[in-house]
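Student: If you want the building blocks of each chain, they are given just below.
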Amino acid sequence: MQPVGAVVPLRVDIAEKTFRSAQGVSIAALQDLSFEVRQGEFACLLGPSGCGKTTTLRILLGLDKDFSGSFQLPEGGSNRIAAVFQEPILLPWRTVEQNVRLALPKSLRAKNLDGLFDTLGLAGMRSLYPAELSLGLARRAALARAFATEPAVLFLDEPFASLDERTAERLRHLLLTVWSARPTTALMVTHNLREALMLSDRIIVLAQRPAHVLGMFDVRLPRQYRNPQVMSDLLRSFHQKFPGVA
Amino acid sequence: MTAPDTGDRPPGAAADISSQSGVAAALTPVLTVAVSLLGLCLLWGLAANAWPSRAFPGPGRVWQVLLAEAANGDLFYHLGATLGRVAAAYVVAMVIGSVIGVLLGSHRSADRFFSPWLVLFLNIPALVVIVLAYIWFGLNEAAAIGAVAVNKIPNVVVTMREGARALDPNYAEMAAIYRFGLLDRIRHVLLPQLQPYLAAASRSGIALIWKIVLVVELLGRSNGVGFQIYLYFQLFDVAAILAYTLAFVAVMLVIELLLVQPIERHATRWRRRPA
Ligand SMILES: Nc1ncnc2c1ncn2[C@@H]1O[C@H](COP(=O)(O)OP(=O)(O)OP(=O)(O)O)[C@@H](O)[C@H]1O
Ligand SMILES: [Mg+2]
Numbered sequence: 000m001q002p003v004g005a006v007v008p009l010r011v012d013i014a015e016k017t018f019r020s021a022q023g024v025s026i027a028a029l030q031d032l033s034f035e036v037r038q039g040e041f042a043c044l045l046g047p048s049g050c051g052k053t054t055t056l057r058i059l060l061g062l063d064k065d066f067s068g069s070f071q072l073p074e075g076g077s078n079r080i081a082a083v084f085q086e087p088i089l090l091p092w093r094t095v096e097q098n099v100r101l102a103l104p105k106s107l108r109a110k111n112l113d114g115l116f117d118t119l120g121l122a123g124m125r126s127l128y129p130a131e132l133s134l135g136l137a138r139r140a141a142l143a144r145a146f147a148t149e150p151a152v153l154f155l156d157e158p159f160a161s162l163d164e165r166t167a168e169r170l171r172h173l174l175l176t177v178w179s180a181r182p183t184t185a186l187m188v189t190h191n192l193r194e195a196l197m198l199s200d201r202i203i204v205l206a207q208r209p210a211h212v213l214g215m216f217d218v219r220l221p222r223q224y225r226n227p228q229v230m231s232d233l234l235r236s237f238h239q240k241f242p243g244v245a
Numbered sequence: 000m001t002a003p004d005t006g007d008r009p010p011g012a013a014a015d016i017s018s019q020s021g022v023a024a025a026l027t028p029v030l031t032v033a034v035s036l037l038g039l040c041l042l043w044g045l046a047a048n049a050w051p052s053r054a055f056p057g058p059g060r061v062w063q064v065l066l067a068e069a070a071n072g073d074l075f076y077h078l079g080a081t082l083g084r085v086a087a088a089y090v091v092a093m094v095i096g097s098v099i100g101v102l103l104g105s106h107r108s109a110d111r112f113f114s115p116w117l118v119l120f121l122n123i124p125a126l127v128v129i130v131l132a133y134i135w136f137g138l139n140e141a142a143a144i145g146a147v148a149v150n151k152i153p154n155v156v157v158t159m160r161e162g163a164r165a166l167d168p169n170y171a172e173m174a175a176i177y178r179f180g181l182l183d184r185i186r187h188v189l190l191p192q193l194q195p196y197l198a199a200a201s202r203s204g205i206a207l208i209w210k211i212v213l214v215v216e217l218l219g220r221s222n223g224v225g226f227q228i229y230l231y232f233q234l235f236d237v238a239a240i241l242a243y244t245l246a247f248v249a250v251m252l253v254i255e256l257l258l259v260q261p262i263e264r265h266a267t268r269w270r271r272r273p274a
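Residue numbers (numbering that gives the first Met the number 0), protein chains in the order written: chain A, 0 to 245; chain B, 0 to 274.
Everything labelled a hint here was simulated from the structure, so no lab data went into it. Yeah, the Cβ is synthetic: ideal placement off N, Cα and C, and Gly gets one too.
Pairwise CB distance ranges, derived in the manner of DEER restraints:
1. A:R165 with B:D167: 28 to 36 Å
2. B:V22 with A:R193: 50 to 58 Å
3. A:F18 with B:L26: 53 to 61 Å
4. A:Q239 with B:L181: 47 to 55 Å
5. A:K105 with B:V94: 24 to 32 Å
6. B:P124 with A:K64: 45 to 53 Å
7. B:D167 with A:R193: 29 to 37 Å
8. A:P91 with B:F75: 41 to 49 Å
9. A:S69 with B:L121: 46 to 54 Å
10. A:R225 with B:D167: 32 to 40 Å
11. B:F120 with A:S33: 53 to 61 Å
12. A:N111 with B:I123: 55 to 63 Å
13. A:S20 with B:R111: 16 to 24 Å
14. B:R111 with A:R193: 47 to 55 Å
Not the full set, but computed from the structure, chain A residues with beta-carbon under 10 Å of chain B:
15. A81
16. A82
17. Q97
Required output: the full structure, derived from the provided sequences and hints.
Tutor: Here is the structure:
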């Protein structure tokens, strides 16, 4: 399995990000936040609620330019970025398939997507409108859209939140399947430690607001060996390294 | 206006039964309308019989005039002229009004600056705009259509400004992340969100526009329904005036039924959910 495209790591170096609320109160969301995700690596951003994880992703996605500092996205290949948010954000007036194809560059619009739709269990739902999907299916469609673009880097913001545990677990496995077929540098926000341990090569642990990096937790073990026994060992050593987190 | 369509179709075996009751359910309102209109004609006929006068012809007389005008081709010529002006003014007003409305709705400071202009234009009487347009630009087709459009544009701007304020930024951000081109953004992200507002502006727009078009024709054109009504006004021929008016109302209703409603159904098909 060759990591595709990216030869430059994802490098984040945000000195400061401050929000000014409507009442003029300023809220420091990020302070000296710096970390790196190596090429082809799946990293998780783990931190308490409200610490600034979404804010970080929005900056990296180019949606928020009002901050001081810098970052560098992986380059190579398509040079594209893809994102899956907590809300699937599919266009309700376009079918599942149209939603996926619209995200592709013009030259790839007609590309064969059968394999991707099959893997994600969406084969029979390509012509449905998002209103006809359950939340779990809509999330899968959002995953399909992200992977179809063959991005150089993939950002995920709690893509499995507010699903029942069984559905979430199935989706995690689906995510791993599509991701392993083409390992892309990925950064996923979560506050579910088990999820982070199951999916990632490295966990970036954030402190309370203003967010900065508390430390890194590398999970070197290949994912297929992460059985329940191993997971509880990983949990224990994580708690030893970061007492009081999650 | 985001309520899901209630005309949902149960799948499978129930389809036959439900399509029959569906036809009946669709026919009932049509029948009601027909009976209601018939009642109005009857009342009109009775009143015309009770007070016979050249200035108050009955429905029979109006129908005769209508047939005569249709037979010699005048009716279709003038209906066509008016319809063409309505269509042109509608397109001009919707395009210009939507662009201005969306710009104002998405730029707060521009909105604050231009709001007083908008209020001013909303309150200028249609007649003034028409007269000024004819004085400044001459008695020509462009001035006529322009004057009608200018009367309608402020209404479109107000509606589309609301639409732009209601745009969901999530979709725009998604489009930015996946690098949608400008045309894709307009076609797949912007217009579908604005559709209910476009529909509202269109509805009120067509009703207003055709009434103003008649005035424009009366004041400075030599064809069209407005021109004919003015002509028959000078001849005091009420039957002909009513014949032209009813013919044009009928045309507008047919357009609403055969064009506007199907387009709207198509544009909102994604809201339908299987039962
Ligand atoms: N647009 C905004 N204006 C003002 N403050 C904001 C804005 N967006 C976020 N914040 C503040 O910045 C802080 C970080 O928010 P952020 O959404 O990044 O948290 P998070 O880590 O994603 O939390 P969660 O896990 O609950 O999603 C919060 O305290 C929030 O109140
Ligand atoms: Mg968040």
